[in-house]
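Student: My request is simple: use the sequences and hints to build the entire structure.
Following full-length UniProt numbering, the numbering of the sequence shown begins with 1 at its first residue and continues without gaps.
In case anyone wonders, no lab produced these hints; they're calculated from the structure. There are no misleading hints in this set.
DSSO-like mimics (lysine-lysine), calculated; alpha carbons at most 27 Å apart, straight line:
id, residue 1, residue 2
1, K92, K104
2, K7, K77
3, K154, K104
4, K118, K145
5, K86, K156
6, K154, K86
7, K154, K165
8, K165, K13
9, K165, K86
10, K77, K156
11, K66, K53
12, K7, K86
13, K165, K7
14, K104, K132
15, K13, K86
16, K154, K7
17, K145, K92
18, K39, K66
19, K92, K77
20, K13, K66
21, K77, K165
22, K13, K77
23, K92, K75
24, K7, K92
25, K92, K165
26, K156, K92
27, K86, K75
The calculated label-pair distances, taken between Cβ atoms and stated as ranges, are:
id, residue 1, residue 2, range
28, E135, K156, 29 to 39 Å
29, Q68, E103, 48 to 58 Å
30, S164, T43, 54 to 64 Å
31, K165, Q57, 44 to 54 Å
32, R20, S164, 18 to 28 Å
33, E21, K165, 19 to 29 Å
Heads up, the beta-carbon is just placed ideally off N, CA and C, and yes, glycines get one too.
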Amino acid sequence: YEGQLSKQTEQAKEELDLARESHEQVQQQLQRRIEDTQKALDTEKEDKSGLQKTLEQLREESRVAKEQADETIEKLKAHYEGQLSKQTEQAKEELDLARETYEKAQQQLQRRIEDTQKALDTEKEDKSGLQKTLEQLREESRVAKEQADETIEKLKAHYEAQLSKQTEQA
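Tutor: The following block contains the structure:
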């Protein structure tokens, strides 16, 4: 799962980098053409109106290219954020499953405690053995709860760290 997450994140980053590089190259080419045209305009006063039109056309092409690049970058960013959201939802589902498993184990232990307590209340002759069993079950319940809480916190910290790491990479 982490491998897929890392791979998808890297692919999205590479696509975003390629879009940015392409945009920068187009901008640089257009900027050079603008500068060349501006120089020609400065040195060729007699054909000023034709060069002025060319210069305006190049400026418009530059503006359109920038808008298209910005749009592409936004689409890639939205795609990446969608992937990140999906992966975050999967992590949440895993955490919910861990909680559900923990709660079921707690319910089973609680039922055993209650059954033992009932037996203790009705069976006075073996009180010391049942009392020990009850205390043992209570201790198992406490340990299971601590372990489950610790596991849930570790999972939560792990997924929050992954989310934070991916958000920083974006």
